[in-house]
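Novice: This is what each chain is made of:
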Amino acid sequence: MRKPEIDYIQKFCRETSLQRFIAHSSNQEITLIEKNAEQVMTGNIWRCAILWGNDDIRGVMIINFTTINILAMASSVFENTRDSVLFEHTKDFMKEYCNMYAGLLKGTLNNKNIITNISLPIISKSLTSHACLAGVPENSYKDNWNLVLGNSFIELSNTLVLSKNFDISSLLFLKDSEKESSSNDGDIEFF
Amino acid sequence: MSKILVVDDSMVIRKMIKNSLQKEGHEIHQAENGQEGFELFAAHSFDLIITDINMPIMNGFEFSEKVRASSGTSCDIPIIVLSTEFSDEVKERGRNIGINAWMVKPAEEEKLLKAVAFLIENTKMKSA
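Protein sequences appear in the order of chains V and L.
Okay, so the first sequence: first residue is 2 according to this note's numbering, each after it adds one.
Okay, so the second sequence: first residue is 231 according to this note's numbering, each after it adds one.
So here's chain V without its partners, still in its complex pose:
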């Protein structure tokens, strides 16, 4: 039987992805919706991915996007950007978004003594889901959703893998995940 803690961390991943995209896009009114079979991504599709975790809990976030959609969803970020570098900047924007997403997961889990690490983000047109999910067992937990602004959207998928040794109750603190996913933004601490 699926434990509620799985739902807590999946929900936390969704909320983190939303909060981070809103902040990274200079507070655009992005919303999260269930993956919609009628909403099909077309055009020049790119894929970025980031890995996080340790031996007992790990995740793979994969995002499909088009540069046109990113330009629409984070328009103010790209104001005054020269056309010649616009394409590179949209890819860079998404890599940094992956970093922010995984960084929040790492920080939140590490502060509860679930010590994790994150990879550098990867981005490619030819990156397949198969390559990203190599070695991930069939019984992993998968979740898919979209982030949307008007007609523009990105597709996100999160795969979660837990070992038999992982103490699932250590994720109970994520029950109140809304608070966790928006914490720390822009915080500054002087030493």
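Hints were generated in silico from the structure; no laboratory data involved.
On a predicted model such as this, the values are computed, not experimentally measured, just so you know.
Among the clues, some could well be false.
Cross-link-like lysine to any residue pairs, in silico, SDA-like; alpha carbons within 20 Å at most [as the list claims (entries may be wrong)]:
id, chain 1, residue 1, chain 2, residue 2
1, L, Lys321, V, Glu190
2, L, Lys248, V, Phe79
3, L, Lys296, V, Phe192
On the provided structure of chain V, position chain L as indicated by the hints.
Specialist: Here is chain L on its own, set in the frame of chain V:
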């Protein structure tokens, strides 16, 4: 006007920081990683450094350690870390290296400008 070195592998983040700081009249120099940042640091005289942590080639911790270990008075330059990371463990490492302030991405412009102004002013007062 102050001379500020921004070290981050993200073009978008460097551009956002540059735009914010230039509004205040600061002169901004940019590097894509710690190694490039240290080369600039060694060749110029800066008033403040803003650095990311997770970067290829040389990360922000290694870069900051090299700055603090360098000879001359510039080794005391104020350093602000601007990172997606915020666990107690990484902040403690930053504190031990001698980082002056830790800010969690995405940066809020107002807070960043205040921190920059505070640290630059503080350094001037110390050296006066």
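Novice: So which hints don't hold here, by number, going up?
Specialist: Result: no hint breaks.
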